[in-house]
Amino acid sequence: MAKYLLLKHYRGAPAAVNDVPMDQWTPQEISAHVQYMNDFAARLEKTGEFVDGQALAPEGTWVRYDGEGRPPVTDGPFAETKDLIAGWMVIDVDSYERAVELAGELSAAPGAGGKPIHEWLEVRPFLTANPGITECH
Amino acid sequence: MDEALLRSLTPSVIAVLVRRGADFAAAEDAVQDALVEALRSWPADPSPGSSGEGHPLRDAKGWLVTVAWRKFLDQTRSDAARRRREERVDQEPAPGPAPAVDDTLQLYFLCAHPSLTPSSAVALTLRAVGGLTTRQIARAYLVPEATMAQRISRAKRTVSGVRFDQPGDVATVLRVLYLVFNEGYSGDLDLAAEAIRLTRQLAARVDHPEVAGLLALMLLHHARRAARTAPDGSLVPLAEQDRGRWDTEAIAEGVTLLQAALARDRLGEFQAQAAIAALHADAPTAEETDWVQIVEWYDELVRLTDSPIVRLNRAVAVGEADGPRAGLAALAALDDSLPRHAAVAAYLHERDGDVATAARLYAEAAHQAPNTAERDYLTRQAARLNTRRNR
Chain A
1 MAKYLLLKHY
11 RGAPAAVNDV
21 PMDQWTPQEI
31 SAHVQYMNDF
41 AARLEKTGEF
51 VDGQALAPEG
61 TWVRYDGEGR
71 PPVTDGPFAE
81 TKDLIAGWMV
91 IDVDSYERAV
101 ELAGELSAAP
111 GAGGKPIHEW
121 LEVRPFLTAN
131 PGITECH
Chain B
1 MDEALLRSLT
11 PSVIAVLVRR
21 GADFAAAEDA
31 VQDALVEALR
41 SWPADPSPGS
51 SGEGHPLRDA
61 KGWLVTVAWR
71 KFLDQTRSDA
81 ARRRREERVD
91 QEPAPGPAPA
101 VDDTLQLYFL
111 CAHPSLTPSS
121 AVALTLRAVG
131 GLTTRQIARA
141 YLVPEATMAQ
151 RISRAKRTVS
161 GVRFDQPGDV
171 ATVLRVLYLV
181 FNEGYSGDLD
191 LAAEAIRLTR
201 QLAARVDHPE
211 VAGLLALMLL
221 HHARRAARTA
231 PDGSLVPLAE
241 QDRGRWDTEA
251 IAEGVTLLQA
261 ALARDRLGEF
271 QAQAAIAALH
281 ADAPTAEETD
291 WVQIVEWYDE
301 LVRLTDSPIV
311 RLNRAVAVGE
321 ADGPRAGLAA
331 LAALDDSLPR
341 HAAVAAYLHE
351 RDGDVATAAR
361 LYAEAAHQAP
371 NTAERDYLTR
381 QAARLNTRRN
391 R
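So the sequence lines, in the order shown, correspond to chains A and B.
For the first sequence, counting from 1, position 56 maps to 56 in the UniProt record's numbering; every step adds exactly one.
For the second sequence, counting from 1, position 241 maps to 241 in the UniProt record's numbering; every step adds exactly one.
Extracted from the complex, chain A is given alone in its bound form (with noise of 0.2 Å):
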């Protein structure tokens, strides 16, 4: 029992075996890509694994604390950023091994063709709040 997130890049993953930019799809090839992802995570659902999924906008604003009384610095947002996160799927899974399994299967989600995208994913393991009580001696 262990929660992953499963993260989709826009940018900064290493190019996918199916590499064609979605605006360059025909609608029905759009159409059967969403249709993937819902049943995914409704079979995941179904399955009892499934905590979240989000989708983000590529863009966004970079805000730091600018000192007591003032407001906020804001910039950019960047073009040169290296990392764009796309979205994302939280899986609560009984093993690595099946989190894997599962985020192999959402690479395979149709693209260009009808063919699967294989696109890389990223598996991050979530940090717990505490160790399991035996385990601290």
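Derived from the structure by calculation, the hints contain no laboratory data.
Fair warning: this is a prediction, and the values are worked out from it, not measured in the lab.
There's no promise every hint is true.
[Claimed, not checked] In silico lysine to aspartate or glutamate, EDC-like type, Cα no more than 20 Å apart, as pairs:
(1) A:K115 with A:E29
(2) A:K46 with B:E145
(3) A:K3 with A:D52
(4) B:K61 with B:D79
(5) A:K3 with B:D74
(6) B:K61 with B:D2
[Said to hold, decoys possible] Residues from chain A shown here face chain B by an in silico Cβ test under 8 Å; the list is partial:
(7) M1
(8) P27
(9) E45
(10) K46
(11) F50
(12) G53
(13) Q54
(14) P58
(15) T61
(16) P116
(17) H118
(18) E122
(19) V123
(20) L127
(21) I133
[Said to hold, decoys possible] Derived DEER-like restraints, expressed as beta-carbon distance ranges:
(22) B:S41 with A:H118: 30 to 40 Å
(23) A:R70 with B:S41: 37 to 47 Å
(24) B:A146 with A:V63: 26 to 36 Å
(25) A:P125 with B:L238: 24 to 34 Å
Yeah, the Cβ is synthetic: ideal placement off N, Cα and C, and Gly gets one too.
Add chain B to chain A, keeping to what the hints say.
Below, chain B alone, put in the same frame as chain A:
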């Protein structure tokens, strides 16, 4: 109204319904509905004088059986596809008093059935044996309620072909209870206390030294609960804990249980772990810990489990018993990709006086830590050593 008492009746009420012909999944749903109704409608504090006829608290189990059975029949009748079963059920004689047979143990076996994944077995046990609601379980495990509901109904489907009176393996049950205990305290639900309650209930029904061993282990660890964290939530390692805050009653109970179990000469993993916990509990100060005996128990554990994690913990104990060099020698035989290997190495190197190596290893261990409490603790250790070195 005593929620704990009510919840403790859950497995036996499910068993009554199953004995009367309901399948496990439907019986479990019906009893869960009855529990919810009881929690909603029962008076919080019935006045003792007004012991009116049929007051639920006079026979809580009888009340639950009646209501759950009615809910089961309602469900069965409303389901046209189940007409056949309805006819069969209707032909049965009116339900009499609950049979005296205690089937609670069967519920433990069913919910921990080897065909279930660990997370399914845990969820099903907490609901069908523990009487917790799906929402409570979902909150404790930080998943959406819908996800937990699916996990539970899927688990019920998985065991739907298992005969209810089939004997089970107590070891599978113990593993599930151990998992629940280790989850600790999450949100408003105290899973460690719940695991103790369920293990106690099991120990009252099974005469098995490992069941007693697990209960002892849980009590001995739980006894240190108040001392394990500082007010700011940070971890306090065993050696620095205020032993005055340990729960002496829980320790005494754990030690008594353990001694009786060990006397039966059927040693198992949980008894050996409990023995180590008992030796810690027995030391008035960290310095007075009997590390030599602890190493001996680790040797037993290695023999019983052959687990690399146990060997890692043994290296710490060897370091305390025979000095850090001996501990490092024991560590050298182990794969350095083991979880917490760097943390153990850091500790032993610091004890050996090699502050620079220790600081580097603490930082590395923090980077690999599987939880934030340990990460923060290890980062502070690295910072402490680096501050000392840079002064």
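Structure versus earlier hints - violations, ascending order:
4, 5, 8, 12, 13, 14, 15, 16, 17, 18, 19, 22 and 23
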